[in-house]
Each structure stands twice: as structure tokens, then as C-alpha cells.
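Visitor: In the order they appear, the protein sequences are chains A and R.
Each residue of the first sequence is one higher than the one before, counting from 1 in UniProt numbering.
Each residue of the second sequence is one higher than the one before, counting from 1 in UniProt numbering.
Quick caveat, the hints were computed from the structure, so don't treat them as lab data.
Which copy? The list can't say, so a pair holds if one copy fits it or any two copies do.
Restricting the straight-line Cα-Cα distance to at most 16 Å, the calculated cross-link-like pairs of lysine to aspartate or glutamate (EDC-like) are: (1) K34 with D96; (2) K34 with D46; (3) K34 with E167.
Okay, here's what each chain looks like letter by letter:
Number of protein chains: 2
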Amino acid sequence: MTDGAPLESTRLDSTHLDSARLDAQFAFLNEADKLKQVLRATTLTDGSRRENSGEHSWHLALYAMVLADQAGPGVNIDRVIRMLLLHDLVEIDVGDVPIHSANGQAHGSAEIQAAEARAAERLFGLLPDDIGPAFRALWEEFEAAESPDAVFAKSLDRVQPLMHNIESGGGSWTEYNVTAEQLHQRVGTKVARGAPALWDWIWARAERFFRHA
Amino acid sequence: MTDGAPLESTRLDSTHLDSARLDAQFAFLNEADKLKQVLRATTLTDGSRRENSGEHSWHLALYAMVLADQAGPGVNIDRVIRMLLLHDLVEIDVGDVPIHSANGQAHGSAEIQAAEARAAERLFGLLPDDIGPAFRALWEEFEAAESPDAVFAKSLDRVQPLMHNIESGGGSWTEYNVTAEQLHQRVGTKVARGAPALWDWIWARAERFFRHA
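Isolated chain A, as found in the complex (with noise of 0.2 Å):
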């Protein structure tokens, strides 16, 4: 391990290809940062401001962590997280997609899904060769929810804006008019079939905003 390189002359031992390669890199790294200016629904649980969707990432990527317990047989929670660092990245240029926006049917549309494809082509094309195209099948995983990879991670994306909602007092239920049913279509369906415990947690603590809706 060295102290550090001199100010001076290190730059030349940098090969034509390796500045290319880190350009490239970068890119992708600098164009990755405009998530953190696409908004969700969901707020902080103190419900101060809308949750971005670069934070909301490492939220759920430390929800993997946390949760890893919850997990079913066969899921290496390493992939999860992977998974979940990059799963939003399209929205730089789809923007979120509120699961509850349109009665339901704006999120997961062929027009969406085609527009979110394009997306993927465009950030993921930014990258290497050798790390593009890896990327993309990564996310076209969590997209799928097929594998156990992507149906546990798939749960903790549905489960972190219920925590914020009940946090929040009510949240994005609200402003959506969400009912208990529509809840259970939507999200509960989808956190039981990757984590049924911990649907069964949360609904406990989720029931109280439905009583009258």
C-alpha cells in the first residue's frame, strides 16, 4: 500500500484504453445521479418531504441487510442488493410510476414497460462492454419477479412505502383513496409471495388506516 502518487506524471501511466474505459464509467456514474431528483409518492416517514428515488435505493438496498432473515431458500441477498441498487434507474428517464396513480393502472402498462425498456438501453448502453449488458439482465430480473432473487427484493420495494405510509400517518393511502382490498391487490400480494411473514407484520400495523375505507 503507497502513500500516494506524486502530483506530477502519474498521469502517464494511464493507457489511451483505461481513460476511455473510465469515461465511460463515469458517465454512467453521472448520469445515475439525476435519480436523486426523481420524486415518489411516498414521503420520509416523518412525512416532511417526498422520498427520491436515489435514496429510497439505499433504503431498500439496507432493507435487504436488515431483513435478510425474511428471505426464502435459494436467495443470495449479495444480488438482492445489487439488484436493488440499480432497479430505479430507468426512472431518470420514465420518472416514478406510483403504484396507486390512475386507479392502478399506470404502473407495469406496455407503454411504460416499453418506455422503461428504452431507458435501460440507454443508461446501461453508457457502460463497458463487460458491465453494461450484465446490469441490464439484473434489472431485467427484478422486472420479471420470477427468480427468488427478484421476488424477495421485489417485497422489500412493496414494504418500504408501507412502513413510511403507517410512519406518515396515512401517507400516499390518502391521496390515492386506497382501500383494503386495492391495498392487498396491489402490495400485499407481492410482499407475501417474497416475505409472507413480514406482510403479516406490517398488515397488523397497516389495518387501522383501512377500518373506514
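Starting from the known structure of chain A, fit chain R onto it as the hints suggest.
Guide: Structure of chain R alone, referenced to chain A:
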């Protein structure tokens, strides 16, 4: 894979013990939410606002995924990612201490280190015993900056603000009147130690901001 549990009765499946465990896990996850309200000296790449430490942690984990090829031998990128997801949590109690503030004397002072240790005690202490101590150990490993994983994680933590200052036209260097020598000493040596080629590449892009310093 089930299609979701029935709305009622599922709560009875959870034992009291499971429930208390999830209470602790979510006490930590809800407390962690506060990291999104800790502001850093550095702005987003477009200079529009200060970055918060939650979204910064996400961005750094993405840096680790994208720049994995810059890591030295023996570095485990998945451990680096986990380390970076946790590395700033103590700021919930202590706040962000900008590296160039108080003429570079505040960051890493004994006083700040003691406050951060108390914060770690409180925050990781919210978690069950099979999670909290392991998280705390990972954070301490990062702080010690001795293991290959921690040295690489520290390089990324130093390089990201450089990139943001370059993109935003000088950023916190201007604000704190940082000289090339100070940058090299406080930042360059740390980046070069874990990722020498990365330092070469970034200094080639940063040096124009220091020509008249």
C-alpha cells in the same frame, strides 16, 4: 410461491418472538431514514442542491459496482458495497463533517471520533444481537481503513465528491479555498492508496481548478 395470504388471520401465524425481532429491525430501518436529511458539503453534479448522505451512500454503492475493476487484489466488492451502505449512518447523530472544514482539522478529530462511536453504539444497538454487532464491526473496519475492502471503500468515498466538484465547476473547493496541496494531502493520498489509476484519471480532470490557487 403462494399468491398471497388471506387478509385476516395471518397475524396469528407470527409468534410473539418473531414480532419483537421485526420490531427491532424496523426500529433501525426507520431510524436510518433520517440519514436522508443529513446534508453534505458537496452538491449534486448539476450544482442544484446539496447532496444528502442517504443518496450519497446509494451512489457510492453504485460506484463500487461500476468501478470494481479498479480494486486491488483480495477486495470483495459485495463486502465493500455493504460497508458503503452503512458507512455514514453515524451522521444521523453527529452530522456530516466536511473534509475541508475547519482547515481540514475537524474531520477525524478525537472529539468527532468519540461522538461517532456513541452514535454507532446507539444506532446498531437498535438491531437484534445477530445483526447489530456485525454491522458495527463492518463500520469500524471502514473507519480503520486498513483492510483491502476498507481501503478501496475509502477511495470511492473520496473520489465521488471530486467528481461532483468537477461537474459543478469547483463546488466545495471554491467554498473552502482548497489548494492543490491540501487536496492532494486530504484526498489524493486516500484515493491513490486504494485505486491509483482512478486518482490519475480524476486529477487530470480536477487540476485546472487549482492552477491559480
